[in-house]
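Q: Read off the chains here:
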Amino acid sequence: MSGQEMFALDDLARLFDMTVREDAVAGGLTVTVRNQTIVLSPGQSLASVGGRLISLPAAAVREGRSWYVPVDFVPRAIAPVLGSRLELRKPSRLILLGDIRAPRVAGRIEPLGSLARLTLDVAPATPHTVSQDGQHLNIRFEADMLDAALPATTAPDLIQNVRPGEGPAVVTIDLGPRFASFRSSDLAGPAGGGRIVIDIIGQTELPPGQPVPPPTPEQPPLLDLVPAGTLRTIVVDAGHGGTEAGAKGSGGALEKDLTFAVARRLKAALEARLGLRVILTREGDSTVGLDERAALANNNKADLFISLHVNASVRQTASGAEVFYLNLDEYGDAAQRVAHGESESLPVFGGGSRDIELILWEMAQARYIQESAALAQAVESSLRQHVPMSLRAIQQAPFRVLVGANMPAVLVEMGFITNAPQEKQLQSEEFQNLLVQGLVEAVSRFRDARGAGPSGAVR
Amino acid sequence: MSRLMAVVAAITVAGFAVLWLVIVKAPGWYGPSAPAATATAAAVAAVAGPERKIKATLYYVSEDGLSLVGAEREIPFGEPIVEQARRILEAQLREAPAPLASAIPAGTALRALFISERGDAFVDLSGDVTTKHLGGALDELFTVYVIVNALTVNLPSITRVQILIDGKETDTLAGHVDLRHPLHKNLSWLTPPASTAAGR
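Note that the protein sequences, when read in sequence, are chains A and B.
Each residue of the first sequence is one higher than the one before, starting from 1 at the first, in my numbering.
Each residue of the second sequence is one higher than the one before, starting from 460 at the first, in my numbering.
Simulated from the structure, these hints should not be mistaken for laboratory data.
For glycine and all other residues, C-beta sits at the position ideal for the given N, C-alpha and C.
A hint or two may mislead.
[Unchecked claim] List time: in silico DSS-like cross-link candidates among lysine-lysine, alpha-carbon distance up to 27 Å:
no.	chain 1	residue 1	chain 2	residue 2
1	B	Lys591	A	Lys248
2	B	Lys591	A	Lys424
3	A	Lys267	A	Lys301
[Unchecked claim] Which stretches of chain A does chain B cover? Using the computed rule of at least three CB atoms under 8 Å from a CB of chain B, they are:
no.	stretch
4	55 to 61
5	236 to 244
6	304 to 312
7	401 to 411
8	415 to 421
Could you build the full structure based on these sequences and the hints that come with them?
A: Structure below.
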């Protein structure tokens, strides 16, 4: 409805045991939940919740005999009143009410000669299963989500990466080329929590007393099957498009045309030179929403998201490229914890579910923030070899297109369209190729660092 | 169809909303009830002598276009806090002192200002702030944080600022900065870029 997802207020009233009273004279709505009052004023995208003002993305509207409120009414207005856990999952159109089981998972990896040991402390202890799926081990927890601080690998030949898996409560281990078998055991952990110990056993581990075997013939092809890094798919986002032209140059150049031109060149170069699968967020001059761009990357399980833009300034002298990654400061403490997850910063509660804040689906980027910083650095240093950079070459900002990306993500401002000489440059094939050259090198550099283990990419 | 009905419904109730706001909601807000109170305060000040002023730091775009610069200006005193906030923003929306440039498109007007009990300020700007915006990401950051910083730096009781456009919540001004939530003070563009060129 009007570009907003709305809930019928009557449905919510049944769901949350609310009474809705309409003030026929003034046209307002009073919603009573547990003796607290939420006042909605039609035409105002604000609501007063127990006297406290909150903002909504849109106003309540009446259609026929029913009132409709934006979906965010649920987490923003109802949740504070109920005082209990309430999670809204927009993509799946689910409202989760009640305690969310979100055990805290902290881990470490120790190389122990021919094996690597992954130890995960889970608080509170949570039932789980460990299963192998090709070159991955999946640890599935019986929980709604995880509050995970996963370790960087120290034994990449056995454990390439430990990362959040598919699904809200899955940890996935990407196995290294030397993996032969694994064993897992459950122990009691500190403070009433649980401890999972998984040993990843390498191929060269032999029963004692056996002579050295001939070189295993499978080993070289196995290494060939595993790519140098872990990058397969990249989404390249040509900023703006369609009705949103973006910034304009005095010579008539439009940001949307320049970003699309470079995006197409970049796609061709990444496919041809690095053998990657590249998806563009738009195939022509079409209007694409900011959420849709990140969603496209998420749905295609992209490993990187690179958004291309062109800058503008009230100062015509400003020039040079800039690289941005997300600033988490504006996304609350929950995002900070997802990003850093230092165990010492959080008390561990024994038993019961841990009291967590509402974690929004829109904060997907939070757990990739360090990799995004590493990617931004790779892009900045590679671009610098080819094109002029702004004095403020790397920055952090709360950019809307980056927040929802469930992968390392950067936004590249390729130059200032408001600077006349730079506008000309940006339009030239030669300069566009220089930008592409820098970006391809950056992706290649990031891939190599990541292939050497997440620690390589982050440092 | 549903959209049309929604619009019709919205227009029908809009008239009632104004009346209703004054009667039902005004006591819960600092906003709508503020101007009356301030008018009295200003009148008292006028009788008492020369107009009272406060010093406030306003923010402008530097000469190279890559930084924000703070400039101390005299602003008419206002009470309560929402009125002072309004006066600071009105000064911020005016032309920049040479040689600085304004980060806010000329013609942008302050339509309304509310402050919630939590210290979140809601700044409702006229549509010019997006329609006349140049569209660059850096300039968009400057536009947003000039407003956020002018309030949060000068009025410590305001901790966060959310920008609305023509009375409605908005995604972004020009396609970059996420405006769906209130934003905190951010002074990172105040340092000259040379010292941060190596990255943060």
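Q: Now look at each hint and say whether the structure bears it out.
A: Going through the hints against the structure:
1. Between the alpha carbons of lysine 591 of chain B and lysine 248 of chain A the distance comes to roughly 12 Å, so the proposed pair stays at or under 27 Å and holds.
2. Taking the CA atoms of lysine 591 of chain B and lysine 424 of chain A, the gap is near 23 Å; set against the 27 Å cutoff, the hint holds.
3. Restraint check for lysine 267 of chain A and lysine 301 of chain A: the C-alpha separation of about 17 Å stays at or below 27 Å, so the hint holds.
4. With 6 residues carrying a beta carbon less than 8 Å from a beta carbon of chain B, the stretch 55 to 61 of chain A meets the three-residue requirement, and the given coverage holds.
5. Counting residues of the stretch 236 to 244 of chain A whose CB falls under 8 Å from any CB of chain B gives 3; the rule of at least 3 is met.
6. Counting residues of the stretch 304 to 312 of chain A whose CB lies closer than 8 Å to any CB of chain B gives 4, which reaches the minimum of 3, so the coverage claim holds.
7. Closer than 8 Å: that is the beta-carbon criterion, and the stretch 401 to 411 of chain A has 3 residues meeting it against chain B, so the requirement of 3 holds.
8. Proximity of the stretch 415 to 421 of chain A to chain B, defined as three or more residues with a beta carbon under 8 Å from a beta carbon of that chain, is established by the 3 residues found.
In summary, the structure agrees with every hint in the numbered list given earlier.
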